[in-house]
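Protein chains in written order, with the numbering used here: chain C, 1 to 294; chain S, 1 to 332; chain A, 1 to 338.
Quick caveat, the hints were computed from the structure, so don't treat them as lab data. Each hint should be verified, as a subset may be incorrect.
Unchecked claim - Some, not all, of what chain A presents toward chain C, calculated at C-beta under 7 Å:
1) Leu139
2) Leu144
3) Phe147
4) Gly166
5) Pro167
6) Thr275
7) Thr309
8) Gly312
9) Phe316
10) Ile318
All residues carry an ideal CB built from backbone N, CA and C; glycine is no exception.
Now for the letters of each chain:
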Amino acid sequence: MLFSPARTLERPRPRLSASVGRFVRHLGWRQAPVIFAVAVLVSLVVIAVTIPWWTPYDPIGLAGRRLQPPSAAHWLGTDALGRDVLVRTLYGARYSLPIAVSVLIVAVGIGVAVGALAGFLGGIVDNVLMRLADITLAFPPVLLAMAIAASLGPGLVNTALALIIVWWPIYARLMRAQVLNVKKLDHVDAAIVGGVKPGRLLVKHIMPLCWSPILVNMTMDVGQVILLAAGLSFIGLGAQPPTPEWGQMIAEGASNFYCWWIALGPGMAIFLVSLSSNFLGDALRDVSDPRGRQ
Amino acid sequence: MSLPLLDIRGLAVTIPTRDGERTAVSNVDFSVQRGEVVGLVGESGSGKSLSMLAVMGLLPRHFGISGSIRFDGEEICGASERRLRALRGKRIAMVFQDPMTALNPVKTIGTQIVEMVRLHNPGLSRRELRAKALSLLEAVAIPAPERRFDQYPHEFSGGMRQRVVIAIAIANDPDLLIADEPTTALDVTIQAQIVEIFARLREERGMAIVLITHDLGLVAGLADRMSVLYAGRVTERGPVEPLFATPRHPYTASLLAAVPSIDDVSERLHAIPGTPPSLADRPPGCPFEPRCGFAVSACRMSEPDLLRFDRSVVACHRAGELSLATLMQEPA
Amino acid sequence: MLKVVVQRLFVMPFLLLGIVTATFLLAQFTKGNPLVSIIGARNLDNPEIVAAAKARWGLDGSVPERYAVYVWNLVHGDLGTSFRTKQPVLTDLLQRLPATLELVICAMIVGTIGGIVLAIISAEFRNTFADHLARLIALTGSCLPVFWLGLIALFLFSVQMKLLPGPGRLDIRAVAPPTVTGFMLIDTLLARDGSAFLDALRHLVLPSLVLGWSVVGIIARMVRASMLDVLGQDYITMARAKGAGRLRVLIHHALANALIPALTILGFTFAYLITGSVLVETIFSWPGIGSYAVDAARSLDYPAITGVTIIGGLGFLIANLLTDIAYAAADPRMREAG
Numbered sequence: 001m002l003f004s005p006a007r008t009l010e011r012p013r014p015r016l017s018a019s020v021g022r023f024v025r026h027l028g029w030r031q032a033p034v035i036f037a038v039a040v041l042v043s044l045v046v047i048a049v050t051i052p053w054w055t056p057y058d059p060i061g062l063a064g065r066r067l068q069p070p071s072a073a074h075w076l077g078t079d080a081l082g083r084d085v086l087v088r089t090l091y092g093a094r095y096s097l098p099i100a101v102s103v104l105i106v107a108v109g110i111g112v113a114v115g116a117l118a119g120f121l122g123g124i125v126d127n128v129l130m131r132l133a134d135i136t137l138a139f140p141p142v143l144l145a146m147a148i149a150a151s152l153g154p155g156l157v158n159t160a161l162a163l164i165i166v167w168w169p170i171y172a173r174l175m176r177a178q179v180l181n182v183k184k185l186d187h188v189d190a191a192i193v194g195g196v197k198p199g200r201l202l203v204k205h206i207m208p209l210c211w212s213p214i215l216v217n218m219t220m221d222v223g224q225v226i227l228l229a230a231g232l233s234f235i236g237l238g239a240q241p242p243t244p245e246w247g248q249m250i251a252e253g254a255s256n257f258y259c260w261w262i263a264l265g266p267g268m269a270i271f272l273v274s275l276s277s278n279f280l281g282d283a284l285r286d287v288s289d290p291r292g293r294q
Numbered sequence: 001m002s003l004p005l006l007d008i009r010g011l012a013v014t015i016p017t018r019d020g021e022r023t024a025v026s027n028v029d030f031s032v033q034r035g036e037v038v039g040l041v042g043e044s045g046s047g048k049s050l051s052m053l054a055v056m057g058l059l060p061r062h063f064g065i066s067g068s069i070r071f072d073g074e075e076i077c078g079a080s081e082r083r084l085r086a087l088r089g090k091r092i093a094m095v096f097q098d099p100m101t102a103l104n105p106v107k108t109i110g111t112q113i114v115e116m117v118r119l120h121n122p123g124l125s126r127r128e129l130r131a132k133a134l135s136l137l138e139a140v141a142i143p144a145p146e147r148r149f150d151q152y153p154h155e156f157s158g159g160m161r162q163r164v165v166i167a168i169a170i171a172n173d174p175d176l177l178i179a180d181e182p183t184t185a186l187d188v189t190i191q192a193q194i195v196e197i198f199a200r201l202r203e204e205r206g207m208a209i210v211l212i213t214h215d216l217g218l219v220a221g222l223a224d225r226m227s228v229l230y231a232g233r234v235t236e237r238g239p240v241e242p243l244f245a246t247p248r249h250p251y252t253a254s255l256l257a258a259v260p261s262i263d264d265v266s267e268r269l270h271a272i273p274g275t276p277p278s279l280a281d282r283p284p285g286c287p288f289e290p291r292c293g294f295a296v297s298a299c300r301m302s303e304p305d306l307l308r309f310d311r312s313v314v315a316c317h318r319a320g321e322l323s324l325a326t327l328m329q330e331p332a
Numbered sequence: 001m002l003k004v005v006v007q008r009l010f011v012m013p014f015l016l017l018g019i020v021t022a023t024f025l026l027a028q029f030t031k032g033n034p035l036v037s038i039i040g041a042r043n044l045d046n047p048e049i050v051a052a053a054k055a056r057w058g059l060d061g062s063v064p065e066r067y068a069v070y071v072w073n074l075v076h077g078d079l080g081t082s083f084r085t086k087q088p089v090l091t092d093l094l095q096r097l098p099a100t101l102e103l104v105i106c107a108m109i110v111g112t113i114g115g116i117v118l119a120i121i122s123a124e125f126r127n128t129f130a131d132h133l134a135r136l137i138a139l140t141g142s143c144l145p146v147f148w149l150g151l152i153a154l155f156l157f158s159v160q161m162k163l164l165p166g167p168g169r170l171d172i173r174a175v176a177p178p179t180v181t182g183f184m185l186i187d188t189l190l191a192r193d194g195s196a197f198l199d200a201l202r203h204l205v206l207p208s209l210v211l212g213w214s215v216v217g218i219i220a221r222m223v224r225a226s227m228l229d230v231l232g233q234d235y236i237t238m239a240r241a242k243g244a245g246r247l248r249v250l251i252h253h254a255l256a257n258a259l260i261p262a263l264t265i266l267g268f269t270f271a272y273l274i275t276g277s278v279l280v281e282t283i284f285s286w287p288g289i290g291s292y293a294v295d296a297a298r299s300l301d302y303p304a305i306t307g308v309t310i311i312g313g314l315g316f317l318i319a320n321l322l323t324d325i326a327y328a329a330a331d332p333r334m335r336e337a338g
């Protein structure tokens, strides 16, 4: 009888699906941070989607008198143009969240593709791709993003582009390291001996085992992307007025320094999202790598 | 008999786990006289090290300890951290199992010996401390102590490191030295040298030593009395010579049979079949029953009490009727 | 150890060239016409002025030519002339570097001390309320936007409570000491001006706390993890068996070992501090490189923004090199291997 190692050696199950199961089972009071994070993110998404139907004020239109402190009519007061700060803050979720998520999806897409190829092929491809990543990583992120945003011109789309350029090499490195590790596993050897073609080997046998740390990092980076995007908007390179983007709103708060309430809402919003993404990322890491739990 | 230096009664250690408390050590009695060497023998996980860490007060805080530990007449089980700290290193010292990990990698050997001396003699000058440390290095036969003083642990071989660990332990002339598997991690030739150091310490300084080990050869060479632990309980205890000659517990007998000897023509290692019970599923009867070749139905029903036979104490239902001396010649 | 450092040193010129090339290419994508910011929109119709400006700022010639000129100039320490300040960029940067360094160093001290203290509390009281609280404090620092925190801190402590001074490095009415090192704390001391020194110190408090807190999270997380690792080691039990007190064991034995792996994040922390300082300097009107970069980016001042980016990249490379050296020097086992 012919012995086919590819068939006898079972491919390890991708850890992620198992992780999610364990994750759900362990939802107890210890998971307070996770519950908090999910609550924050879910409600922000719901708000972002539904807000035009139920807000009493327009986010860029006059809502009342200028620079009013918080009151019953305007819970977080009004800004220098008489716009309702709370409404603008809630509208802000329509910009920050989609930007962060799309930046990460594109950056991870590029990074994963580059990292997988570099790790899988090795040699000159690996060298060229990784040196490219090294050079990008040699810049302090904010300076690179500023230079890019400045040269492309201010605006949300260009900010997003700049952030993608900043973030892809991180994932390229991560993915490359993962691929190199998985390549050493027995089932890969077995698949090679079994005659699996290289493309299929990479996509079907190697990549499914590489996703855990990528996903954990993605979750954590949502907060980081939002922070940097807001920072760029704050210094005037991102969203332009009158867009109710959080960083941009804080800049408006800074120019009306004594009206503390203008910056309060957007600041807290950034903080909550960032904190939630960290909580969620931590929890994901715990379930995907039980050894690391401390 | 005079007041024992160390007197442990009914010691129990429980470890909290996700599924409730697990008893790792239960009802252990153990005593050491001044200047006496006592072997504490058992397989890994039998509770030897845990018992001795309990004496030092070094168990993790969330472990549960009960029973009585008297040192020189003073109850130290549950004593204050301050009191224990004064005893540790001064009157009770410890030699760790693995010399590769017992020394702090980022501090010089000298610093680590000096620390031990200075912690308990705060008044000494730098020069006195150094002189004391050098004399300790000499006492454990480390060549060129002056040069060695400023070196880091990674510059020492395993045997040399264990000498340093011993030098640190004996720095303040403790009354009691607890040696946890002091030779396990070492080469055979080095083992002999370390054993010699222990023999000399006992001779010259009259130090009482607790020798935690699973090496019965070591016990035979050094100890006056021994206690055998199995699954956190004492199974047999008594003076070394009669215990080696006529073991009364089947476990002790099989331990003795498992020691490879040069005379053994069969050239077979006599392993004890099976594994010790895990903390989780403890049988209601004698913990050794599943692995015992002499078990009867009574052994499954209840745990045997410790009973006195001649000069030793044994926890076995059949201790009175079995003659196990022959077991060592003809393994089961 | 030496091997790693030499390797780094060897790669550095290549990375630098990469950085330079990248910034040059980036500048080629510029949408806005830099001439506008040089001579103003009104003069664009005047060919003479345009030609003169182009020649003066090296805007003529093909891309490879410009690249060659650019690299040649860089090698000679010429980062170009700022459109905005009309000064050589290098001069501008050197003038502003001490202010940024002063702030970043103070923030680093705050962040390191804060991070280590929180990590020790966290590791010692693992999984208790104190641990959770310490971790939350650390995490909060990395999740709060620094520019917002700076704003709120200024409002609370300076405007409301009047505890600390407002933006800037010195009181507006104060006479600045003669510039010797550029570090305000040192210059005021050199000038033997005690009250100015205190004033400078008080001005540093808020920005360095805000900036420092933003890196507490990274440091605390790393140190906590390696502390937990170290606390399980035999030599820790051994130190306790010697009769050493809990604090002595934690600081002398555990921390000394735990900090070595934690050193690897120094370079990473630096990147965070640069990001933070750009924003914090803007809020606190701090005359450093960060606020210079923001001004340059806002006014499309190309030579300036590229200059900052290159210097930032160089600084980052140096920080990483120092990290390697520190890491190697801290561990006696590595020292040996060199």
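Restraint satisfaction for Phe147 (chain A) [CB to CB of chain C, less than 7 Å]: Holds, about 5 Å.
Agreement of hint Phe316 (chain A) with chain C interface, Cβ distance less than 7 Å: With Cβ-Cβ at 5 Å, under 7 Å, it holds.
Cut-off 7 Å, beta-carbon criterion: hint that Gly312 (chain A) touches chain C: holds, 4 Å
Interface restraint verdict for Leu144 (chain A) against chain C (beta-carbon cut-off 7 Å): holds, 5 Å
Chain C contact restraint for Pro167 (chain A) - C-beta distance below 7 Å: violated, 10 Å
Per-residue hint verdict: Gly166 (chain A), partner chain C, C-beta under 7 Å: It is violated, given that the least Cβ distance between Gly166 (chain A) and chain C is near 10 Å, above 7 Å.
Cut-off 7 Å, beta-carbon criterion: hint that Leu139 (chain A) touches chain C: Holds, about 6 Å.
Proposed interface contact between Thr309 (chain A) and chain C, which counts if any beta carbon pair is under 7 Å: Interface hint status for Thr309 (chain A): holds (5 Å vs cutoff 7 Å).
Evaluation of the interface hint that places Ile318 (chain A) against chain C, nearest CB under 7 Å: Hint on Ile318 (chain A): violated, closest Cβ of chain C at ~11 Å, above 7 Å.
Residue hint Thr275 (chain A), partner chain C, criterion CB-CB below 7 Å: holds, 4 Å
In terms of the numbered hints stated before, the structure departs from hints 4, 5, 10, listed from lowest to highest.
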